[in-house]
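Participant: Quick note, the sequences are listed as chains A and B, same order. All residue numbers for the first sequence refer to numbering that gives the first Met the number 0, where the first residue is 0 and numbers rise by one. All residue numbers for the second sequence refer to numbering that gives the first Met the number 0, where the first residue is 0 and numbers rise by one.
The reader is advised that the hints may include incorrect statements.
As the list claims (entries may be wrong) - Across the chosen pairs, the derived CB separations fall in these ranges:
no.: 1; chain 1: A; residue 1: Asp33; chain 2: B; residue 2: Asp185; range: 29 to 37 Å
no.: 2; chain 1: B; residue 1: Ala10; chain 2: A; residue 2: Ala86; range: 42 to 50 Å
no.: 3; chain 1: B; residue 1: Pro27; chain 2: A; residue 2: Trp212; range: 25 to 33 Å
no.: 4; chain 1: B; residue 1: Ser113; chain 2: A; residue 2: Ser5; range: 39 to 47 Å
Keep in mind the hints are simulated off the structure, nothing from the lab. No experiment lies behind these values; they were computed from the predicted model shown. Glycine included, each C-beta is placed from N, C-alpha and C at the ideal position.
Number of protein chains: 2
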Amino acid sequence: MDQAFSPPERAAVYRAIFERRDCRHFLPDPLPDDAIARLLVAAHHAPSVGFMQPWNFLLIRSQAVRLEIRQAFDRANTQAAQLFPEARGELYGRLKLEGILESPLNLCVTCDRSRHGPVVLGRTVQPEMDLYSTVCAVQNLWLAARAEGIGVGWVSIIDPCDLRTILGIPEAVVPIAYLCLGRVADFAPTPELQSLGWLDRIDLRPLVYEDHWGRPPTSFILDATAVFPSANSKTAT
Amino acid sequence: MDQAFSPPERAAVYRAIFERRDCRHFLPDPLPDDAIARLLVAAHHAPSVGFMQPWNFLLIRSQAVRLEIRQAFDRANTQAAQLFPEARGELYGRLKLEGILESPLNLCVTCDRSRHGPVVLGRTVQPEMDLYSTVCAVQNLWLAARAEGIGVGWVSIIDPCDLRTILGIPEAVVPIAYLCLGRVADFAPTPELQSLGWLDRIDLRPLVYEDHWGRPPTSFILDATAVFPSANSKTAT
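Could you build the full structure based on these sequences and the hints that come with them?
Facilitator: This is the structure we're talking about:
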């Protein structure tokens, strides 16, 4: 029995994957509650180790709270900027790396490491699996948001201790992702860090091995233009 | 400008999210190389911190290598089974938690923490961001696989030290996900751990807060049947 989606359905899934962007430039338009609800339901249907579902979702609408978060970002970003050598530091300073105050919604996705007690199926030799499950929820939300025409940006330049203090997150709970969400003028054809010359997309082929680290695949031809005949700059590897 | 997908495209993205399953029962049919290539390209287009793209993909086809992996699973699983109390332990013993030998392809997705040197944009105060980026790649692949009609199962009951030794993974590289891939007889309407009574899906509503941990949202109605009017058991929260 063929379980594959129809060609147009399959194309839509790949479209979400290829056109998803890490957004930093938001329009002020508010997001409708029903769209936010769909994104959270999508996140909640992520895979989780032992069906643990360790996540919580903190919607941050208060401008006062966001101002504190923005100050935490500023502290971490000032420190970070000093770590890059001269030309990189100059480019780093010009990058827009967050949209905390101007996006209509912020969202902190967390992982409750104590959910369902100390022993969780599938976490016994890989205790970090609950963190990874929560990341899967973030990626579900990110792709669903692209389909909804909603931009998402993950802001990682915030000290997690600051997030914990500002948002009152308990000890057993780990903040995983601080996200900005909102409508955007466009989803750029290439990631901004690529178009601004920070880094290029790596060629996928040398990243693929077979049976042992460093051994190239024997019977496997990986050519993005062959893989996706209609490939344009959005899908080029 | 409306950046949203058309209603059928959007429905396809949600279908992949809701019908994705952690698969443990595989048909022996080989997977075509072009489908495998599409899955890897999808993974490679995941978001990554500072556009780091820290991942590698080890395809494991050798039955000899898989036998070693399976033995590592057996060791970890025997230890794990002892951690569950009596009734749970009995149910645990009946669960099928891997498909290492019978699936046509295994895939280890890894994170090279040294890629692009010690200082990476966005990793300065959250050094674990590269691990999370790699998890996003896994989730992209998992959803693309659903659209292709390919089942994926994440096997986390393997000591990462065993994976490192068997696959020759270098010190700076972390194995993130060990996956089994293949055709499946069906994608079950509910996760197996739910249908077998291990855990239920949690009600999403009490997991959502606003502005501070523990504070329920003020102006936000989250009802999955309202969110997805055609919701069935696949999409119920």
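Participant: All hints, please: hold or fail.
Facilitator: Taking the hints in turn, this is what the structure says about them:
{"no.": "1", "hint": "A:Asp33 to B:Asp185: 29 to 37 Å", "result": "holds, 31 Å"}
{"no.": "2", "hint": "B:Ala10 to A:Ala86: 42 to 50 Å", "result": "holds, 47 Å"}
{"no.": "3", "hint": "B:Pro27 to A:Trp212: 25 to 33 Å", "result": "holds, 27 Å"}
{"no.": "4", "hint": "B:Ser113 to A:Ser5: 39 to 47 Å", "result": "holds, 42 Å"}
The structure agrees with every numbered hint stated previously.
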